[in-house]
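*Asks:* Using the sequences and the hints, build the whole thing.
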Amino acid sequence: MKNKRSITLLQKTSKAFILISVLLILFSTPVLYFFISKLMEQEVEEELYSRSYRLEHYATENGQLIELPPVFEIVKTPRLRPEILKDTLIYDPSQDETELFRELSTFRTINGEIYRITVRSMVVETQEIVVITLVYFLISLALVFVIQFYFSRAWNRRIWKPFFRNLEAMQHFSLQAARPVELVDSNIVEFSELKTEIETLTSRVIYDYNNLKEFTENISHELQTALAIMQAKLENFLNESAISDQQFEELSNLQRHIRRLANLNKKLVLLATLDQRQKNDYQEISLNDLLEEMVINFREISPVEIELEKKKNLTLFSDPELIQSLIGNLLSNAIKHTEGDGPIRITIDHDRLEISNPGDAELEDAERIFRRFYRKNERSKPGSGLGLAIVQKICEVLQYNVTYHFAENRHFFRIIFN
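Counting from 1, one number per residue, gives the positions in the sequence shown under the UniProt record's numbering.
A hint or two may mislead.
Mimicking PhoX-like on lysine-lysine, the simulated pairs with C-alpha atoms at most 20 Å apart in a straight line are [claimed, not checked]:
#1 K86 - K38
#2 K12 - K161
#3 K266 - K213
#4 K195 - K161
Keep in mind the hints are simulated off the structure, nothing from the lab.
*Replies:* Printed below as a string of structure tokens:
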């Protein structure tokens, strides 16, 4: 869809990689913080139990009590109690602030006396270690992701290189070249299979196209020859004086149908062969001069007045036959479908040509106007129904832009020369 923003394959994979990396970091950070905190907490508790044991052992062996408040204290107590493990706040005079400690209190009998052995460890230091460890881990992880991202991007670009080269070859593929598309091989199985399938498909398309082209040329030639013979014989009959008025009228009507059929055949052949036009037929064309000449010729056969307004001098480098056919079909369509009073207006600007004719109402199905054999309704004036289809096809071949709109009771056809 046109309104959807497109991105490249590498952008898509890189975007997915970045998204997954960010989600992993966001998810792993709290998990890692919780895990490291628990691990450090266990280490602190093990250290507290170890200190408590060493103090008890030293006091029992040497009969001396060691104190170093607030890190560890040994005081007498009247009775034994269960050990206590908790967090506590203690004022630290060296820092002049209250600090959080993890505290373990055990009750032991040493040399016949009951003592409470209290050991503490500052929790803030533990949290700082956790935070520093986490920060370094995240920096390392981010660095790994960045390195992996650019390495993966470069590696993907190398892997997909045959695909992109084959895609470029397909974009430049043309049926008029009459040769199979040249693709590069790859040691990746899927890319190799894709190459084989594309080569098979393009070869089949070229074969079918050449057969269709030959068939179109043959049938067009045979049909044109038969129509020319019929036209010549009818003219001979019409020139004879022995036919009645009714016969003359019927033969004249038949002649008009043959001419219409011959014209239809020419237009169908033109549509079928437009893509085969070569750019070496291009030359500089003064659109102002060409239109002046064509308007003079059309005024002789047109029942509608034709006005030409030249705002700018416009010169094109294009195929003169296609430009004449483009303008001729637009003028014929304007003359044929003019409704109401008013002239046909032709306007030349610096990059565009606009042809308008009077009309009663906007077309209900304007989007179908450039389709083959399109008719406004069953009462439409006779014609091949190919004029605007040829206009659109010529614009596609010459890379011009053709548009239609209705305003102020006029039908407007605009050609923008890119």
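*Asks:* Each hint: holds or not?
*Replies:* The hints, checked one at a time:
1. K86 - K38: The given pair, whose Cα atoms are some 15 Å apart, holds under the 20 Å limit.
2. K12 - K161: This hinted pair holds, its Cα atoms lying about 16 Å apart.
3. K266 - K213: Given pair K266, K213 holds - Cα atoms ~15 Å apart, limit 20 Å.
4. K195 - K161: holds, 13 Å
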